[in-house]
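Next come the chains, spelled out residue by residue.
2 protein chains.
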Amino acid sequence: MDITSYLSDKQSVIEDGLKALMLQTTGSFAKHIEAMRYSLFASGKRVRPILCLATGEALDNSLETAKNLLPVACALECIHTYSLVHDDLPAMDNDTLRRGKPTNHILFGEAGAILAGDSLLTFAFELLSREDNSTLPAQKRLRIIEMIARAAGPLGMVGGQTLDIESEQIAVPLPVLQTIHRAKTGALITCSIQAGAIGAGATIEEMEKLTIYGEKIGLAFQIVDDILNVTSTTEQLGKAAGSDANRGKATYPAFFGIEQTKAKAKEAIEEAIDALHGFDAKADPLRQLATFIYTRSN
Amino acid sequence: MDITSYLSDKQSVIEDGLKALMLQTTGSFAKHIEAMRYSLFASGKRVRPILCLATGEALDNSLETAKNLLPVACALECIHTYSLVHDDLPAMDNDTLRRGKPTNHILFGEAGAILAGDSLLTFAFELLSREDNSTLPAQKRLRIIEMIARAAGPLGMVGGQTLDIESEQIAVPLPVLQTIHRAKTGALITCSIQAGAIGAGATIEEMEKLTIYGEKIGLAFQIVDDILNVTSTTEQLGKAAGSDANRGKATYPAFFGIEQTKAKAKEAIEEAIDALHGFDAKADPLRQLATFIYTRSN
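Protein chains in written order, with numbering that gives the first Met the number 0: chain L, 0 to 297; chain D, 0 to 297.
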């Protein structure tokens, strides 16, 4: 399989799914919906939803499972997008550029961006619970909702972002940096995989292996992000390069230097792939996705 | 029955429920959880969760239904609280006082308040989906989640707040004001009642009646809020009085004057009580709650 065409195929699937599920810019709330759509359709890489779909395929590549997981995948992308919109706010990272375009608050104002984020988050839970968009047993759907809410909430993504901001300009020890990474980035990535696993009927053993896979690529993903923030130009990144250092953020490169950090990312990727031992060729996209995440840093 | 002692009993039930379900201020995210707790335990009136529990009781006053609805009621209060935290932000209403205390962002900073709100919203969906806290059939729990997500989202509460802010200093026509009210305040109040109805096994006919009840008291509630903003002192309100006029906000009193506005609130309350025709004495708290909402304005 060719990972580049796999990614591009899956990006289209997600794009179409989001277009079908997302609200249209009509009616009283048209401007608000436009603000939601602006960030949702800003050419994101769709990493989390792709991981969700690829995990589903690794266990059960039936059309029905793919259909059931599509709204879950779209909900994950809504949550990821809302987190970016809020992270970019003047009160947070104060970024004006994201994916090479003006950030949400630059175009829709601070209030507009806060509210667009709020709605993207809320809408994600509508997608996860809508009566008409899944044939999964209700019990499984509830488990997916609980898992995503935990991963995205105070002990997960939002908690991690809070700790990240609290830790700016402070010399935090490595364990705190690891907690930030695990919560801010790792939790949602891991649960994207776990949600796919639940939707595709994973056994307990499969779930354990996939959870390790998720945790390891979550870690690698954040380490690579740290590396790119140092080594790339703003043009390459589509957002402000060097911003971590400017904000006095703790990062892996700050602790270990670039070369050792790259080695750590590679190690995490290898451990992720090892965790998939026993899965058949249907899990090849997951294996190659892991490698792909690493090669971004080179 | 005495509505004052009913309210105080139910406030205790909600308070205890929130204390039991809410995260403790320990661990890496202690400060973030403190920010969530600060607004959640800031002596709110608990109107939405009480409406949810009272609706449950009106249909089925068993202990099991009460237990099943408690996490739903607490989730509604988390969502209401997050909306206040975000509404108070400098980028929105820029309020420094809420319930007689400093607003969240005054104490925890703007980023801290945005994130505390984000986590309260996300945590609400954790409460609604947690495996261990309900014996309701999963299908019903999903319906409650969907209903709440719709009411709180882009076509409901957040959409209403967006439109409200967009409409400041603009002479909006009455239908727009009514859309704002219905979405910003009415939707979550109505769905608090509907969620209670689903949890207590309402028939379609009961659900229809309760929905009308909810829409009417939602309207009355917002009208009374508009009135109080004009007629009360800051000390009585616990937040800035006269702020609607200062911000050039469309309100019922601005359209109709105080007396006619009061008459409209009274009419809505009467229609709410009428909608409960056919319900037995178990619905008396709902009837008296309607009256209570109106008497706040006098």
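Honestly, the hints are just simulated from the structure, not real lab data. Incorrect hints may appear among the rest.
[Claimed, not checked] The following label-pair restraints were derived from C-beta to C-beta distances:
no., chain 1, residue 1, chain 2, residue 2, range
1, L, D1, D, I105, 33 to 43 Å
2, D, T24, L, E204, 35 to 45 Å
3, L, E130, D, N60, 47 to 57 Å
4, L, E130, D, T134, 16 to 26 Å
5, L, T24, D, E204, 35 to 45 Å
6, D, P101, L, E204, 19 to 29 Å
The structure presented is a predicted model; accordingly, all values stated were derived computationally and were not measured. Just so it is clear, CB atoms sit at the ideal spot from N, CA and C, and this is done for glycine as well.
- State the violated hints by number, sorted upward, taking the hints as numbered earlier in the document. 1, 3 and 6
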